[in-house]
Amino acid sequence: MSAAPAGEAGADVLVPHWLTGDHRARLTTVVREALGDDHLHPVVAIRLEDVLTELHVAAARDAVWPASSARVRLAAGWEADVLPVRLSAGELAGVLALPALPQDLRALLAKGAAA
Amino acid sequence: MSAPFGGAAGLLQRLRPQRVDVADLREVAGTVLPALSTNDLRVRLVQRPRGGSVVVLEEHERCVQTPLGDLADDMTAAGVRPTAAGIAAALSAWVAHRPVTDAAAAGTGVAVLDWADVARTAVGWRVVVRRGALTVPWTADRATEPAAHRVRTAATGRAHDVVLDLRVEGPVALWSHPVAPGLATAALVAPERMLQRARSAGLLLADMHVVITPQRPVACAGRAVAARLAGETTEASVTLPWQRLADLPWL
Chain A
1108 MSAAPAGEAG ADVLVPHWLT GDHRARLTTV VREALGDDHL HPVVAIRLED
1158 VLTELHVAAA RDAVWPASSA RVRLAAGWEA DVLPVRLSAG ELAGVLALPA
1208 LPQDLRALLA KGAAA
Chain B
544 MSAPFGGAAG LLQRLRPQRV DVADLREVAG TVLPALSTND LRVRLVQRPR
594 GGSVVVLEEH ERCVQTPLGD LADDMTAAGV RPTAAGIAAA LSAWVAHRPV
644 TDAAAAGTGV AVLDWADVAR TAVGWRVVVR RGALTVPWTA DRATEPAAHR
694 VRTAATGRAH DVVLDLRVEG PVALWSHPVA PGLATAALVA PERMLQRARS
744 AGLLLADMHV VITPQRPVAC AGRAVAARLA GETTEASVTL PWQRLADLPW
794 L
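Sequences listed follow chains A and B, in order.
Read in order, the letters of the first sequence correspond to residues 1108 to 1222 in the numbering used here.
Read in order, the letters of the second sequence correspond to residues 544 to 794 in the numbering used here.
Any given hint could be a false lead.
[As the list claims (entries may be wrong)] Short, incomplete list of chain A residues facing chain B, as computed with Cβ under 8 Å:
#1 His1163
#2 Arg1168
#3 Leu1212
#4 Ala1214
If you're looking for bench data, these hints aren't it; they were derived computationally from the structure.
Please read all numbers here as calculations on a predicted model, not as lab measurements.
Glycine included, each C-beta is placed from N, C-alpha and C at the ideal position.
Required output: the full structure, derived from the provided sequences and hints.
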């Protein structure tokens, strides 16, 4: 796995994007399809692999420490399947550059807003 | 004892606690405590000549004596509902949190990881005894070193037999106990078996690091993914390469 270890010198700041289960499933599909393209630039491919990793890690994080996300969901009135997916600027740029990214997901991720 | 009355109180109840009255507690205790006694555990309400009643728990070498008034104050502070059912549940939970006897630790203790310091920056091995969903720590303060060693060795053996649920989430393996959250770290006595089971589930963990928060599921992943997992939360945790687990101290 190529995810940058958080906390190490030079590690990117990861910004949370609060996404529903449907958002995460569709983002996973789009990223997987893009990774199947043989002409994808290797640097972009690494960033997109990291996005896939984060989509899994976000779910794992919520399984281990559910309380902090639950507090945010309660305060914001969101459904139980809304999770923070934490992306670096490079990972976000890689996703936003995908032509197949659905418009609603693009708008959501571009403004860094919540579900 | 941490959270000795169970975790039932809601936020509002904790912010604006209603008083648990000593007389109500005495009445509930008179009904509940006799039913909690066993062959080994003696639970009594003792009326002292001065200073009110005392709840006495006696089990082998362990004895807890708590004035009923202090117990009522602690329940109020913890946000226990001042109803008969609320007080009864809190009293049962309090008895379940009682200290673990040397005999219970020797007979049923299981090795798990627990916080080694108040600041929650390090973990170490501890012998716990399961009581329902609870895992209560044993303190070796009275045991001789050879006796403590025997208890710990047996507890490590039992930890091998704890059956955990495995959930694979992409590059992360998550281990949890279906009933007692404190037992999730028991699997860490045999990390090679965790590696094997993860591999059988389709996850190859070449450089397995474990992310440990006692009483929470254990997460295993490669170094970078483990760092990403633990580095982006405000919750306390310890991340270690699996080879270092055997070197952690006993608490």
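Each hint, compared with the structure:
no., hint, result
1, His1163, "holds (3 Å)"
2, Arg1168, "holds (6 Å)"
3, Leu1212, "violated (19 Å)"
4, Ala1214, "violated (24 Å)"
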